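Chemist: Counting from 1, one number per residue, gives the positions in the sequence shown under the working numbering.
Hint data in this document are derived by calculation from the structure and do not stem from the laboratory.
A couple of the hints might just be wrong.
[As the list claims (entries may be wrong)] Now the in silico label distances, taken between C-beta atoms and shown as ranges:
1) V143 - P178: 23 to 33 Å
2) G131 - A92: 34 to 44 Å
3) R103 - T171: 57 to 67 Å
4) R206 - T99: 42 to 52 Å
5) G109 - D83: 12 to 22 Å
6) D83 - E175: 14 to 24 Å
7) Q168 - S144: 16 to 26 Å
8) H201 - Y102: 43 to 53 Å
9) P178 - L132: 48 to 58 Å
10) G131 - G109: 26 to 36 Å
Predicted model only: the values in this text are computed from it and were never measured.
Backbone N, C-alpha and C define an ideal beta-carbon position, used for all residues, glycine too.
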Amino acid sequence: MRRSVPFHRSASNADSLGRMRDSGKTAHRPSPPVAHLSGGECRATDSTNRDAILAGVPIRTASGSVRHGPRLDAWLRRRYLDDRAPVRQLAADLAVTPTTIYRWLHAAGITLRRSTPTLSATWLDEQLTAGLSINEIAKLAKVSRSSVWDQLSAHGLLDVADEPGASQAETLYREGAPMAAIGERLQVGRRRVRGWLNARHVPIQRPGGRAATDHPTGRHTASDQPLYGPPLDQHRRRPVAPDDQHDARPPWLSS
Numbered sequence: 001m002r003r004s005v006p007f008h009r010s011a012s013n014a015d016s017l018g019r020m021r022d023s024g025k026t027a028h029r030p031s032p033p034v035a036h037l038s039g040g041e042c043r044a045t046d047s048t049n050r051d052a053i054l055a056g057v058p059i060r061t062a063s064g065s066v067r068h069g070p071r072l073d074a075w076l077r078r079r080y081l082d083d084r085a086p087v088r089q090l091a092a093d094l095a096v097t098p099t100t101i102y103r104w105l106h107a108a109g110i111t112l113r114r115s116t117p118t119l120s121a122t123w124l125d126e127q128l129t130a131g132l133s134i135n136e137i138a139k140l141a142k143v144s145r146s147s148v149w150d151q152l153s154a155h156g157l158l159d160v161a162d163e164p165g166a167s168q169a170e171t172l173y174r175e176g177a178p179m180a181a182i183g184e185r186l187q188v189g190r191r192r193v194r195g196w197l198n199a200r201h202v203p204i205q206r207p208g209g210r211a212a213t214d215h216p217t218g219r220h221t222a223s224d225q226p227l228y229g230p231p232l233d234q235h236r237r238r239p240v241a242p243d244d245q246h247d248a249r250p251p252w253l254s255s
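Construct the complete structure from the given sequences, taking the supplied hints into account.
Modeler: What follows is the structure, encoded as structure tokens:
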């Protein structure tokens, strides 16, 4: 049985370990970064002292520029809540990692905002009641105008069925024109065309070739048929033999 020999740390062993560590043959844990203070300046690293920033010590960023440290809590509230700056931008301003910014936000008691803007019916109704336009709502929610328009139409907060382009879009779509062609002709986007059609309760053709229909019999009308290919109900039809062939018997049973 092989025994393990105890390792005695002698001067020679310490020297050999030092040479191996210097040559990179042993993996050693690096010491954590610290905030370097030199000449009254603080070089911003991941472990920059929060008290040093609050005290107004100048911060030297990675690019070499010097930023005079603001009052961190007030600065974070203004930049994160009022200006709605992203965390990565705040981290770049202070030359720290986003993890440090999240830690400071938690220490300052600042609630993290949602990663995606909320476009609920209640919130949109409040903005419309306040007199905001679609452009202003889109800027406030940081989304496109078409997204706001689509959500307003979906929640029933925007009546677009009586707009001039709605009737034209319905007529062209029932004649077989695709949404892209309708949008180019009316100089609007495809989502606007879809909103018009939904507001006027026009069955929308699905990508698979089957259209949604509210017909009581469940059968598709002429306006629901696809632009290309066979009719939607053709796969249900089977060839019917003439009446005189219904009772036809095989040749071997004829005699």
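Chemist: Now tell me, hint by hint, if it's right for this structure.
Modeler: Going through the hints against the structure:
1. V143 - P178: 23 to 33 Å: Since the Cβ atoms of V143 and P178 sit about 26 Å apart, the hinted range of 23 to 33 Å holds.
2. G131 - A92: 34 to 44 Å: holds, 36 Å
3. R103 - T171: 57 to 67 Å: holds, 59 Å
4. R206 - T99: 42 to 52 Å: holds, 45 Å
5. G109 - D83: 12 to 22 Å: holds, 18 Å
6. D83 - E175: 14 to 24 Å: violated, 50 Å
7. Q168 - S144: 16 to 26 Å: Taking Cβ atoms as reference, Q168 and S144 lie about 24 Å apart, which means the hint holds.
8. H201 - Y102: 43 to 53 Å: holds, 47 Å
9. P178 - L132: 48 to 58 Å: violated, 34 Å
10. G131 - G109: 26 to 36 Å: holds, 33 Å
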